[in-house]
Structures are given as C-alpha cells and as structure tokens.
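Here the structure of chain A is known, so what remains is to put chain B in place on it, guided by the hints.
Chains as they are written, first to last, in the numbering used here: chain A, 8 to 361; chain B, 18 to 561.
No wet-lab data here; the hints were simulated from the structure.
The beta carbon of each residue, even a glycine, is placed where N, CA and C say it ideally should be.
Any given hint might turn out to be false.
[Said to hold, decoys possible] Covered by chain A, per the in silico footprint, the following chain B stretches (three or more residues, Cβ under 8 Å):
hint : segment
1    : 223-236
2    : 262-270
3    : 309-316
4    : 462-471
[What the hints assert, rightly or not] Computed cross-link-like contacts, PhoX-like style, restricted to lysine-lysine with a CA-CA straight-line distance of at most 20 Å:
hint : chain 1 : residue 1 : chain 2 : residue 2
5    : B       : LYS266    : A       : LYS351
6    : B       : LYS551    : B       : LYS483
7    : B       : LYS339    : A       : LYS233
8    : A       : LYS35     : A       : LYS119
9    : A       : LYS128    : A       : LYS91
10   : B       : LYS292    : A       : LYS293
11   : A       : LYS297    : B       : LYS295
12   : B       : LYS339    : A       : LYS253
13   : B       : LYS339    : A       : LYS250
14   : A       : LYS64     : A       : LYS21
15   : A       : LYS288    : B       : LYS339
16   : B       : LYS292    : B       : LYS266
17   : A       : LYS230    : B       : LYS339
18   : A       : LYS26     : A       : LYS12
19   : B       : LYS109    : B       : LYS150
20   : A       : LYS297    : B       : LYS292
21   : A       : LYS319    : B       : LYS295
22   : B       : LYS295    : A       : LYS293
23   : B       : LYS131    : B       : LYS431
24   : B       : LYS365    : A       : LYS351
25   : B       : LYS484    : B       : LYS551
26   : B       : LYS295    : A       : LYS351
27   : B       : LYS488    : B       : LYS557
28   : B       : LYS295    : A       : LYS316
29   : B       : LYS241    : A       : LYS351
30   : B       : LYS266    : A       : LYS316
31   : B       : LYS501    : B       : LYS439
32   : A       : LYS64     : A       : LYS91
33   : B       : LYS292    : A       : LYS316
34   : B       : LYS238    : A       : LYS351
35   : B       : LYS150    : B       : LYS133
36   : B       : LYS254    : A       : LYS351
37   : B       : LYS78     : B       : LYS150
38   : B       : LYS409    : B       : LYS163
39   : B       : LYS115    : B       : LYS131
40   : B       : LYS109    : B       : LYS131
Residues per chain, in single letters:
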Amino acid sequence: MSNKKIKIILNGVKTACDKDDTVFNAAKKAGVFIPTLCHDMRLEPYGACRMCSVEVKGVSRLLPACSTPVSEGMDVRTESRTVKRVRKRLVSLLLSNHPNDCMRCETSGACKLQNLAYEYKVDGMEYGGERWKLPIRQANPFIVYEPNKCIVCGRCVRICNEIVMAGTIDFTGRGFNTVPDTAFRVARTLSICEFCGQCVSTCPTGALTDKKARGKGRVHEMKRVKTTCSYCGTGCSFYLNVKDDKVVRVSSDFFGPVNQGDLCVKGRYGYDFIHSRDRIKTPLVKRGDKFVKTSWDRAFAIIASNFEKIIKRHGSDSVGAFSSSRCTNEENFLLAKFVRTVFKTNNVDNCARV
Amino acid sequence: MAGLATSLGAGAATNSLAQMPEIDTLFLFGSNPTEAHPIVSIYLKKALRNGAKLIVGDPRKTWMAKRSDVWLNLSPGTNIAMMNGLVHAILKNGWENKEFIKNRTEDFDALREKVKEYNLKTVEKITGVPKQKIIDAARMYSHADKAMIVYGLGVTEHRTGTENAMAIANLALVCGHIGRPSTGIMALRGQNNVQGASDLGPAPNILPGYQPVANADARAKFEKAWNVPILAASGLKSVEMLDMACQGKFRGLYIMGEDPAQTDPNSHEVRRALKSLKFLVVQDIFHTETTQYADVILPGSSFAEKDGTFTNGERRIQRVRKAIEPVAGLADWQIICRIANRMGYPMKYNHPSEIMDEIASLTPIYGGISYDRLERESLQWPCPTKDHPGTKTLYTDLFSRPGGKAKFVALDHKGSGEMPDKEYPFALITGRIREHYNNGSMSRRVPGIMELVPEEHLELNPADAKKMKLKSDDWVSVSSRRGKIKVRVRVTSRSQRGNVFLTFHFPEALSNFLTSEHRDPIAGTPEYKSCAVKIEKLPKSYQA
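Here chain A stands alone, though its shape is the one from the complex (with noise of 0.2 Å):
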C-alpha cells in the first residue's frame, strides 16, 4: 500500500485519500455513507449491485463507487438526483423477485435490503413478473438457505471461495434462474463445507442464517456483547447476543484486530456448553461414592480445614495447584498470587507446557 496521499473532491469538501484507494474506501474514511449490498471489507470490490453507483464530473454514465479508483481532483457526488433515483429503480427491481415478508424474516432489522427499501420509500409493488418459488433448504447442521431472499450479491460465493477457500457453494443455473448454491443443487457436496457460517456472516439479507439462532428474537431485541473467543489460541473477538439472560447467537465483530468478522465453526456455532443442562451448578462434595450438593459457605470450610490440615502436618510443600490457560489472565495471576501466599510454596503449573 502506497501511503502517498492525494485530494478528490467529495460532495463539494476537498478530501485527502490515499492513492491506492476507492472512491467507497475514500469516502468511508471521510465519514461519507454510500449504500452498498454486494461489498464486503473482507472482500475484493465486485460491483455486481450498483447500489454504490456515485456520480462523477466529466464522466457520463454512474461510476461504482467500491470498484473505481480515486484520481487526483476527481469531483464525486455521492447523493446526487440520479444516484437517489437510480438507487431506487435498483430496491425496486430487486424487490420485484422477493418474499417482502419482512414481518416474520429473522433478518428483519439486520437487512440490508430492509434498510435501503426504508430509506428510499420503496414499497415492492412498482414490478410485476416472475419470482422464484424455491424451497428452503435446511440440510446444514448450522445454515438454513431460503434461496427466496437471495438477491445474487455473490458475497457467500465469494467469502466461500476466495477467503476460506472451501468451495462449498458458487453459482448455478443461468439467467433469471442463476443462483448460488451447491454443486448440483444437492447436500452431499456439505462434505466440503467447513461449517464456518462466513457465508452467513456477508449475507445482506435473510437468505442465509444461522440455524440455531431462529425463533430466538431479532436483532433489536438482543443484548451484543463484545468478547474474545474462549477455543483456539488465535483470539478471535466476536458478540454474544444475549436474550433473557440466554446467549442465543454468535455474531461477527467486524473490526476485530485479529479477525475482522472471520470465524470458524466453533467460534461461531460453539457456544452451547454455555447452557448446556450438565453445567455443574452448585458445590459438591464426596461423601463414599456419590458427590451430594452443598452450600458455597459450606465448600469453603472444607476446603479451607483439609488444605490447613495437611500443611500443619505435613508442609507447605506437600499441597500445590493446577492453573488453567481456559482461565482469564486474571484468574491466572489470582492462582500464582493464591499458591504464594495462602499455601506459602511455589508448587504451582499451568497447561501452558502440555
């Protein structure tokens, strides 16, 4: 990436951009909105939807705003009359082959389309025609297809193949009918799918979602919580969407450091352990064979009079602990911190070297 910089005039303001970027990554970095379906950051620019189309001087037809390159002086409207009434003309022509059942579409809020449909007053009633009447597909463990919603975007096309190069899914079939799918429309080409959801995770509207997650509530009705996951060593981040106290989805956090919205199948589908029903929910103690339910206040006084007991007759030395790399930072320092001055010896490991 080249850093030197140059200027382009954006809805009348001069505005420095780097040389190598596009009129949608200028105008992003300079605070400028432009409407986009088919673009994703972790994507190379595409423009199959032209919902980014911007109107640049001297030039007689829209450019795409997330295909074309900055150039120096370039005079860029972003929300000119054209680009509002072509914009439009586009949500009108995409509506004419969808459900519109946004009223019971998990998506709904999260939509894309939604959204643009909303902000340019588009009701989906301007198009007669054909529109395609598919079957949902649910054979994936994780995703549900409702190839209905589709609006062939390409982006879990894309993501499939140029990010996680699994080549589970491309186009098929032509024309009006082409849409993306797997090979020969059947599920036993899953047997390449990584189960990753990175298709779920670019879809812009409720073609493809996460199967769990349905019926659990909308985005509007959940708590996101921003955290690092807790399987592999990478330290991916991600939100916990939470509803009455339930982490019903995973969902991708965009501007991770580390992934960038990127997750894997454990990441992102991983997380029902969190409540699974054999989650150990009170203090047990032995008693002969069977371990019985006890109080916190009551585990405590064991542990803390057997652990006294054997280092009175036996030292400090003859009790130690195992600390967790599953456990935070915190809790790991805590265990060093506990080790050192409650039992007073330095008998303490991790799994760090397993």
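Structure of chain B alone, referenced to chain A:
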C-alpha cells in the same frame, strides 16, 4: 516456549497475525492451521493467493501440504535432524546471512561444527525426506525477502520439544529472517489463553511476567506487594506433583479448569496419582474424567459469565466481557478470593480490572495495560508504560537476551522416546480436528458438531489398509505398551505409510491411554505427537 526463550530471549511469537498476508515464503512446520487454527489459516491462505511460496514440514498430508511447493514429509520425531539438514544445506551453499550472524548472534561456530555431522545423506536416512527436497526448501527459505516460520504443537509436543523450537530458531537466525514485519517465527498456541497463563506466573520457577523466583530483586518486589515471604527455590512442576502423589509425598491439590485425567498422556498413571491424593479440589464447568477423583467440586464459570482478559498467540491482550450472570453464582476469580479470605489471607477486589491494575504494577511486560486502554485500543505486549503503543514485531534491533544477541544452540537428533518396532509397527500421531476441541467437554455439547463428527476415527494409509484388509468404518483395536482402545478406521492418504492419526476429543476412545510417558525434560511437555502402536482388526460382529 522455553526453546524460543533460550535462543531469542522471550517465549513468544515474534510477529503479528495481520502481517501474514505479506509473507513471500511461508515455512509451515508441525502445524495444521486449516484444522486447528482456521482463522490463522485464512491469513495464510491470503498469503498464498498473493503468491507466497510454501514449504510444509509435516508427516501428514494436510490441506497445506497438498498445496505446498515443497513438502518435507519427515518421519515423526525427526525435527532436529530436519532443521540441522536445512542449515547444513544453507551453509554448504553459502546462502546464510553473514552480516546478521556477525552483528546480531553468538555461538555460531558451535552450530556450524554441529551441522557438519548432518550431511544430507544422513538426514535423508533419519527423516526419510529425499535430499533434493531438503536442498529445494533450503534454497527457497534462505532466498526469501519476507520469510516466516509458523510452527505448532507438532514441534513442541515431543520429548525434544524445547530443542525443536531452538532448532527452528537456528534456521531463522542463520538466514537473518527475524525482527522485521512479516518475517520471524510464529508459534501457534493451542488454547485460548496459553500465552496469558505462561505470562502470569502460575509456574513453579517464575513469578508473573517471567520474573524468576531465583531472582532476589523480583522476589523482594512481590514480597512487598503481597506481604509474604516468597521461597527462592522452584516448586514442583505438574508432572512432579503427580509423581510425588503416587509416592505419598504430595497430598493436597487444587485444580482450576484442567482435565489431566483425559488430556495428559499415559492416563492410567495420572489417574493413579489423583487417586493417591489425600484431598483434591477441582473447579470446572462440567464433570470431566478428573472431577471423578475430587473430594470437592466447585462450579466454574464459562467465558460468557465473567470479565477478564485473554492473551492470544501474538501477545495481544483482549477483553473478555460478562454477558450473563455466572450459572452457579460466582466467577472463578471470586472463588479464589473467597478461599483465600477463608484461609486467612485477604484478597479483596471489586472487579477484575483491579486485578489487572495489580498485574500492571508488578509485571513490566503488562505495565501499560488497563481496562480503560483496552476499551480504546488493541495492545500487544511488551507494553511497559501507560503511553507505550505495544509491540507488533519483536527484536527489530535487539534480542531480549543479555547483550542483546540471539544465541545459536548446537543440537543433536535424539528421536522419539518410543519408535515403531516389530511388535508395535505403527507411529501414532495425535492432534485436533476442526470441529472439536481438546477433551471435547465444550464441543461435544454442540448438537450440530456431534451430527457432523460423532465419533473417533483412526486415520490409516490406503496401502496399510489394503495389507491389513481394512476399509473405512471397520472396527479395530489400537494398542500400545500402555493401553488399548477400539475405534473405527478411516482410510485416507492424509496419513503416510506406517503412520496413523487419532484425535483426543473422545473419552470413549481416548488416545491418551496409548500415548507415552516420555516428556521434554526442560518444559515437561509430554510427547503426544509420537508413540508406537499396533492395530488389530476386530470381528465383523463387533459393535461399540
């Protein structure tokens, strides 16, 4: 990690993940990121799409190995011989970085003399990798501009694990491929907070921040802050605690969030040790193989139930945020405080941010970290002060050893503690698959994952399968000198002839009953990656 610490100064990855797409030559060694670290693999795939050359050192034909320019398909446990061979080839052809060796390293002569013993014919014999491939890999790596070695547990989980890491450092140093963006050594960490757990001192010989207990100044600092005397002598390593327990000399153990009865090798011995303990407290979110042996079980809290931080494999300290209340009422840090208070040492914190403040005050590498800053920015240690921006690339001018120079270590090939023989003819490699995680206590509770991968499979090469008249899904028994399990077979060319592969995610077919007791004497890391087994076909009528 002790390996990199000896050679370079700190036991940590030298670069950032985000630098990976710019790599021009990637040397992936003992790591299968498309399965074990899928998001790291996304970065590496980007590098490949940008035209990076790829060398893979792995006995298994992984996704990356299939796409490599050179696949060094070495036999398990021959890492040092492989690395010495590569250095030999580089020095013989004059491809080394003489200026870097002269200015930034020491003890080069010792290495040069040692690798003379490893001519490529010898190395070919030990590793099973053809001479020409070694030369190709040596040329490719040494001629690169931005070369990164990415290694995983295939390097460290051997009895020579620490030395294997030093051998890798030798290779990088000979070529001067360290201390620049996109150029260095990245160790991929297995668990979410391995780095943090190493950094923060639950270890018998170091206090938080790698400050040795043997160092009087470090001890004095902690004694003042904690108001107790700290012993100068190292404590017992986990394996030593267990050994002493078997001998009746170690009696009380508190285990927070670990499952040694399943995840430690040679599980029968571990279980005997746990049984011998007078008093065992286990704190975990689920019943595990280990909780069976507890006298008291305390309910742990999952990452969704507490505030805190994790430190990832690139030294980045990131927030964990509480989304729901702890299922059992207390978070793990609160439990430790309550026990300490009960035993007469006051620990009072209102929030984990206060623990981090204490960490920052005692641990120079975390000195500049606070929850306030982590809300605004993403920091990688070392970050010694509140205005320090953190460190993306280590060793850009000095190594963190005395004198600032990196050290070459002359190493001998020792091989695995147990080699295949007539009775146990196969080398067993263990590892992870993408869908599952470690002892499986988390991932086996995800219904969709269990639908996809419900049970263990033994990966077996087609030629071996043909010889033994086995086909995919047949039942076999796999046994070593320590134990025996029954699994189904998957015939695949991912395994080379003579090698087989198992995960360790399934307690009903637990590969750690088979793995050996051999350990790295320096770090204590068990040799998970290689032991000798035999395979016997079970009758058609067998059902699990």
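Against the structure, the hints:
1. Coverage of the segment 223-236 of chain B by chain A holds in this model, with 3 residues showing a Cβ closer than 8 Å to a Cβ of that chain against a need of three.
2. Coverage of the segment 262-270 of chain B by chain A holds. Counting CB-CB distances below 8 Å, 5 residues qualify, and the rule asks for three or more.
3. Check result for the segment 309-316 of chain B against chain A: holds, 6 residues qualifying (beta carbon to beta carbon below 8 Å, three or more required).
4. With a cut-off of 8 Å between beta carbons, the segment 462-471 of chain B has 7 residues touching chain A; three or more are needed, and the interface restraint holds.
5. Note on B:LYS266 and A:LYS351: the hinted pairing holds, with a Cα-Cα distance of about 17 Å set against a maximum of 20 Å.
6. This hinted pair checks out: B:LYS551 and B:LYS483 have alpha carbons roughly 16 Å apart, not beyond 20 Å.
7. Taking the CA atoms of B:LYS339 and A:LYS233, the gap is about 9 Å. The hint holds against a cut of 20 Å.
8. Proposed proximity of A:LYS35 and A:LYS119 is supported: the alpha carbons are some 17 Å apart, at most 20 Å.
9. For the suggested pair A:LYS128 and A:LYS91, the alpha carbons sit about 11 Å apart, so the restraint of at most 20 Å is met.
10. For the suggested pair B:LYS292 and A:LYS293, the alpha carbons sit about 13 Å apart, so the restraint of at most 20 Å is met.
11. Note on A:LYS297 and B:LYS295: the hinted pairing holds, with a Cα-Cα distance of about 17 Å set against a maximum of 20 Å.
12. With a CA separation close to 12 Å, the supplied pair B:LYS339 and A:LYS253 stays within the 20 Å bound.
13. Annotation: proposed proximity of B:LYS339 to A:LYS250 holds, straight-line Cα distance about 14 Å (limit 20 Å).
14. Of the supplied pair hints, the one linking A:LYS64 and A:LYS21 holds, its CA atoms being roughly 14 Å apart against a limit of 20 Å.
15. For the hint linking A:LYS288 to B:LYS339, the alpha-carbon distance of about 18 Å falls within 20 Å, and the restraint holds.
16. For a cut-off of 20 Å, the pair hint linking B:LYS292 to B:LYS266 stands: about 13 Å separates their Cα positions.
17. The suggested pairing of A:LYS230 with B:LYS339 holds, with an alpha-carbon distance near 11 Å, which does not exceed 20 Å.
18. Under the criterion of a C-alpha separation no larger than 20 Å, the hint pairing A:LYS26 with A:LYS12 is consistent with the structure, at around 6 Å.
19. Using a Cα cut-off of 20 Å, the hinted pair B:LYS109 and B:LYS150 holds, with the two alpha carbons roughly 15 Å apart.
20. The hinted pair formed by A:LYS297 and B:LYS292 meets the criterion: a straight-line CA distance of about 15 Å does not exceed 20 Å.
21. For the hint pairing A:LYS319 with B:LYS295, the CA-to-CA distance comes to about 14 Å; that is within 20 Å, so the pair holds.
22. For a cut-off of 20 Å, the pair hint linking B:LYS295 to A:LYS293 stands: about 13 Å separates their Cα positions.
23. Note on B:LYS131 and B:LYS431: the hinted pairing holds, with a Cα-Cα distance of about 14 Å set against a maximum of 20 Å.
24. Under the criterion of a C-alpha separation no larger than 20 Å, the hint pairing B:LYS365 with A:LYS351 is consistent with the structure, at around 19 Å.
25. Proposed proximity of B:LYS484 and B:LYS551 is supported: the alpha carbons are some 14 Å apart, at most 20 Å.
26. Straight-line distance between C-alpha atoms of B:LYS295 and A:LYS351 comes to about 19 Å, which keeps the hinted pair within the 20 Å bound.
27. Proposed proximity of B:LYS488 and B:LYS557 is supported: the alpha carbons are some 12 Å apart, at most 20 Å.
28. For the hint linking B:LYS295 to A:LYS316, the alpha-carbon distance of about 11 Å falls within 20 Å, and the restraint holds.
29. A hinted pair counts as satisfied when its Cα atoms are at most 20 Å apart, and B:LYS241 with A:LYS351 qualifies at roughly 15 Å.
30. For the hint pairing B:LYS266 with A:LYS316, the CA-to-CA distance comes to about 15 Å; that is within 20 Å, so the pair holds.
31. Proximity of B:LYS501 to B:LYS439 is assessed by CA-CA distance (about 17 Å); at most 20 Å being required, the pair is judged to hold.
32. For the given pair, A:LYS64 sits about 16 Å from A:LYS91 by alpha-carbon distance, which is consistent with the 20 Å threshold.
33. Under the criterion of a C-alpha separation no larger than 20 Å, the hint pairing B:LYS292 with A:LYS316 is consistent with the structure, at around 19 Å.
34. Between B:LYS238 and A:LYS351 the alpha-carbon distance is near 16 Å, which keeps this suggested pair within the 20 Å criterion.
35. Proposed proximity of B:LYS150 and B:LYS133 is supported: the alpha carbons are some 19 Å apart, at most 20 Å.
36. For the given pair, B:LYS254 sits about 16 Å from A:LYS351 by alpha-carbon distance, which is consistent with the 20 Å threshold.
37. Distance check on the hinted pair: B:LYS78 and B:LYS150 sit about 15 Å apart at the alpha-carbon level, within 20 Å; holds.
38. Only pairs whose Cα atoms come within 20 Å are accepted, and B:LYS409 paired with B:LYS163 is accepted, the gap being roughly 16 Å.
39. For the suggested pair B:LYS115 and B:LYS131, the alpha carbons sit about 18 Å apart, so the restraint of at most 20 Å is met.
40. For the given pair, B:LYS109 sits about 13 Å from B:LYS131 by alpha-carbon distance, which is consistent with the 20 Å threshold.
Every hint from the earlier list agrees with this structure, and none is contradicted.
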